[in-house]
Amino acid sequence: MSASLAEHAPRTFSDTETPMVELRGVSRRFAKKLDLAAKLARKLGADVKEEVVHAVDKVDLRVRKGEVVGLVGESGCGKSTLGRIVAGILPQSDGEVFWKGQEVGTLTGEAARQSKLQRQMIFQDPYASLNPRMRVADIVGEAPLVHGLTRRSEFDTYVDDQMRRAGLDPAFKRRYPHQFSGGQRQRIGIARALAVQPEFIVCDEAVAALDVSIQAQILNLFMRLRRELDLTYLFISHDLSVVEHLSDRVVIMYLGRVVEEAPTETIFRRANHPYTRSLLDSVPRIENRKRAFTVVKGEIPSPLNPPTGCHFHPRCPLAFDRCKAEAPALREVAPGHRSACHLNDAA
Amino acid sequence: MSVALQTPAAPVRDRVETPFRRFISEFAESKLALLGLAVFTVIALVAILAPWIAPQNPYDLAVLDIMDGRLEPGARNGADDMTYWLGTDDQGRDMLSAIMYGLRISLAVGAGSALLAAIVGASLGLLAAYVGGRTDSAIMRVVDLQLSFPAILVALMILAFLGKSVMNVVIAIVVVEWAYYARTVRGTALVERRREYIEAAQCLALPTHRILFRHLLPNCLPPLIVIATMQVARAIALEATLSFLGLGVPITEPSLGLLIANGYEYMLSGKYWISFYPGIALLVTIVSINLMGDHLRDVLNPRLKK
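Here the protein sequences come in this chain order: E and L. Position 298 of the first sequence, counting from 1, maps to 303 under my numbering, and the rest follow consecutively. Position 237 of the second sequence, counting from 1, maps to 848 under my numbering, and the rest follow consecutively.
Incorrect hints may appear among the rest.
[As the list claims (entries may be wrong)] Pair by pair, the computed Cβ-Cβ distance ranges are: (1) L:L801 / E:G110: 54 to 60 Å; (2) E:D65 / L:S636: 53 to 59 Å; (3) L:G744 / E:G303: 36 to 42 Å; (4) L:L656 / E:L112: 55 to 61 Å; (5) L:L656 / E:V217: 37 to 43 Å; (6) E:A51 / L:Y875: 54 to 60 Å; (7) E:D40 / L:G774: 52 to 58 Å; (8) L:P861 / E:L112: 54 to 60 Å; (9) E:L45 / L:A771: 18 to 24 Å; (10) E:Q107 / L:L801: 32 to 38 Å.
[Claimed, not checked] Facing chain E, according to a computed beta carbon distance under 7 Å, are these residues of chain L, among others: (11) G685; (12) Q757; (13) E807; (14) C814; (15) L815; (16) L817; (17) F824; (18) H826; (19) P834.
If you are wondering where the hints come from, they were derived from the structure by calculation, not from laboratory data. Glycine included, C-beta positions come from ideal geometry on N, C-alpha and C.
Hey, can you work out the whole structure from these sequences and the hints?
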């Protein structure tokens, strides 16, 4: 198991090629609209405000072809929202999403459909992500049939191939999702996504709901599929050890903003941002098991009312006055290594 | 690495417990619901088979004898040598046959209008929940408006406007009832549409109508089935009321409500049977449907699951 995880060598990517997916200044706000009564109350002078959550705040992200990018952050930091924007399920409030150099919003008709089909998503909850009233064959084969990737006459063979590729026995294709275990359900989800022949997969906490032994199987499956089908992944996870094994590059998010991004090796050896360092310190490891964990202090602040300046300053051990006033920009601290921290300016 | 095929977690049994089988066994737990089902089955069979099992064709004026008018239950007719088990009405019509044919009309109108209302209401409810925003507000405000009027008033207005015919009664009942379906389906669909399988369907770029009817609707079915059962009973009652008031089906195709209305004027002169037996038939039909509906609601409501 672990042998095949370690099998893929770190890859290098040039900065000049067009990224497969690129986000420029993408934000996503969720607003609770005021109803009639609240609007009336505000007119009369009551203190009612529209509640706006900045789930994703001006994020730039590039994923190159063949790359595996790990997106890490605590729950509630907006990483799932970002993943849904990348997968095209959720529209962004601001900013632009590029697919192979073309802005997704400008695509129409066939091109728009193709760009959407080529970005697929594997979901966190293997129970909620499969329609309980459909048979496995229909779950996997519906979209390819609708989009003309297969025909009625070839439907069975096509579905069998997709199931086999995800490690499922085609004999079970007449069954319903509730007759499968969690790991098998996740394989059905993978077969469903791959059945439309995508090039890019967003894995949203795809193994978080599974047992550790099953996790390893599914991760191996991801890596095998990556080699066989030349896939590109955006791997969203809160689990640093999973990301360390899988990713070429890691992006760390905190409360809607990217705070650091670097090749995986660099993040784990020379993390720059205080948040990344405190995250790494809280990972249990065999080599330092005698040490007490330093936990990130405090709770993640409410995105309804984020801290001023650097979002991390209330929990940061190194915070100084400037952190409260000014949000740090993401700056290059080494080639391919960018971090958003005022301490880099001071040095 | 070779593809490791997964074996199922549970051993394969001959009879896998599907949701449908569980539903059947839970439904059968209630004797009252089974009784309702049995009675309703008999009624439905009688209604469907009426032309073949009724002693007389009550619509054929040639076989009616006005001299046989208002005969008591059990009276015999000398000429044809037939017994009027439930008496005759003022036209000399055999009440038993009239009730059998009346059940046909009542059940057809009830089931037909409930089905049509379900199609219209469920579609609009799904659309409201899935699209949201202004579409949702617009549809739901119409529902609110609709439900704030008494059903019978709305139906009377529509029939006064459209005139009397079986089709118009169906239209009137659909207009009155679709709002219940819309509201119920929207409520369930709002919960279901947040689930990840809907996002997955969107990610697969499936057309909206497919997501609505293949993914969302099947998962909103349980409350819809309950409402539909109850609304069939309601529709039958509403049709009977309208016919009783003289605005329902035309006299040439008498439903149960019209039969009751026809005998109404003789009630106080001791000729009770003309109204009484159609009334009993109506009552038994509605009660049997409601017995099933009540229990269906218990079985299909996940919050009441043991």
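Now for the hints, and whether the structure bears them out:
1. L:L801 / E:G110: 54 to 60 Å: Check failed, 28 Å falls outside 54 to 60 Å.
2. E:D65 / L:S636: 53 to 59 Å: holds (57 Å)
3. L:G744 / E:G303: 36 to 42 Å: holds (37 Å)
4. L:L656 / E:L112: 55 to 61 Å: Because 59 Å falls inside the window, the suggested range holds.
5. L:L656 / E:V217: 37 to 43 Å: violated (60 Å)
6. E:A51 / L:Y875: 54 to 60 Å: holds (59 Å)
7. E:D40 / L:G774: 52 to 58 Å: violated (42 Å)
8. L:P861 / E:L112: 54 to 60 Å: Given about 59 Å between the Cβ atoms, the range holds.
9. E:L45 / L:A771: 18 to 24 Å: This hint is violated: roughly 39 Å between Cβ atoms.
10. E:Q107 / L:L801: 32 to 38 Å: holds (35 Å)
11. G685: violated (54 Å)
12. Q757: violated (20 Å)
13. E807: holds (4 Å)
14. C814: holds (5 Å)
15. L815: holds (4 Å)
16. L817: holds (6 Å)
17. F824: violated (12 Å)
18. H826: Where the cut-off is 7 Å and the nearest Cβ of chain E is about 5 Å from H826 (chain L), the hint holds.
19. P834: violated (15 Å)
Hints 1, 5, 7, 9, 11, 12, 17, 19, counting from the list given before, are not met by this structure.
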